[in-house]
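Visitor: Read in my numbering, the sequence shown has 109 at position 64, and its numbers run on one by one without any break.
Any given hint could be a false lead.
Beta-carbon label-pair distances, calculated as ranges [what the hints assert, rightly or not]:
hint, residue 1, residue 2, range
1, Glu132, Glu97, 23 to 29 Å
2, Arg114, Gly171, 23 to 29 Å
3, Pro83, Thr149, 54 to 60 Å
PhoX-like mimics (lysine-lysine), calculated; alpha carbons at most 20 Å apart, straight line [stated by the list, open to error]:
hint, residue 1, residue 2
4, Lys86, Lys47
5, Lys157, Lys188
6, Lys147, Lys188
7, Lys147, Lys157
8, Lys91, Lys47
The hints are simulated quantities; they were obtained by calculation from the structure and are not laboratory data.
Just so it is clear, the structure is predicted and the values come from calculations on it, not from any experiment.
Even for Gly, the Cβ is constructed at its ideal location relative to N, Cα and C.
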Amino acid sequence: MKLILLENIYNLGDLGDTVTVRPGYGRNFLLPRGLAVPATKENVDKFESRREELERQANERLSASEARREAIDELDELRFEVPVSPEGRLYGSINPHEIAGKLTEMGYPVEKSEVDMPEGPIREPGEFTIGLILHADVQTEIKLTVVAAEG
46 MKLILLENIY
56 NLGDLGDTVT
66 VRPGYGRNFL
76 LPRGLAVPAT
86 KENVDKFESR
96 REELERQANE
106 RLSASEARRE
116 AIDELDELRF
126 EVPVSPEGRL
136 YGSINPHEIA
146 GKLTEMGYPV
156 EKSEVDMPEG
166 PIREPGEFTI
176 GLILHADVQT
186 EIKLTVVAAE
196 G
């Protein structure tokens with residue numbers, strides 16, 4: 046499926062690029078979210094007439110993401126105190142949803158889809174480095190500390 050991207054998409058392309066993606070990814074993710082349009086002659090012409098406006102919007106999103114990154118970079122660590130079993134493992138786990146929720150609670154709005162945990166959820170106490178992909182061109186890392194809750 047050939048699509049024209051309406052904004053920069055991490056690991057796919059930049060605003061205005063014509064890309065070929067699998068039909069399911071295009072139909073179920075990119076098109077419904079307004080991230081792309083089918084690459085028809087009519088849409089190519091429409092896109093060219095709106096290019097300046099779309100680039101301005103993309104630059105605004107990039108600036109907002111950079112401001113969020115600067116605020117998050119000031120954060121020393123994200124700390125979770127959780128119950129731990131006698132074997133030293135967490136009851137449950139810490140996943141992107143919980144990390145995004147805690148950051149948002151602290152005044153740093155982050156979506157769970159922006160939390161990058163390639164090794165999966167955290168299931169034991171310790172210090173971890175978690176990636177945040179705030180925009181296709183804006184990434185940062187935070188230090189996450191998981192400690193056993195007292196009591």
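Visitor: Decide, hint by hint, whether the structure agrees.
Guide: Hints and how they fare:
Here the CB-CB span from Glu132 to Glu97 is close to 60 Å, at odds with the stated 23 to 29 Å. For Arg114 paired with Gly171, a C-beta distance near 25 Å keeps the hint of 23 to 29 Å intact. The hint said 54 to 60 Å for the Cβ distance between Pro83 and Thr149, and at roughly 35 Å that hint is violated. With a C-alpha separation of about 12 Å, the suggested pairing of Lys86 with Lys47 holds against the 20 Å cut-off.
For the hint linking Lys157 to Lys188, the alpha-carbon distance of about 17 Å falls within 20 Å, and the restraint holds. At roughly 13 Å between alpha-carbon atoms, Lys147 and Lys188 fall within 20 Å of each other, so this suggested pair holds. Of the supplied pair hints, the one linking Lys147 and Lys157 holds, its CA atoms being roughly 11 Å apart against a limit of 20 Å. Under the criterion of a C-alpha separation no larger than 20 Å, the hint pairing Lys91 with Lys47 is consistent with the structure, at around 16 Å.
In this structure, the earlier hints numbered 1 and 3 are contradicted, and the remaining ones agree with it.
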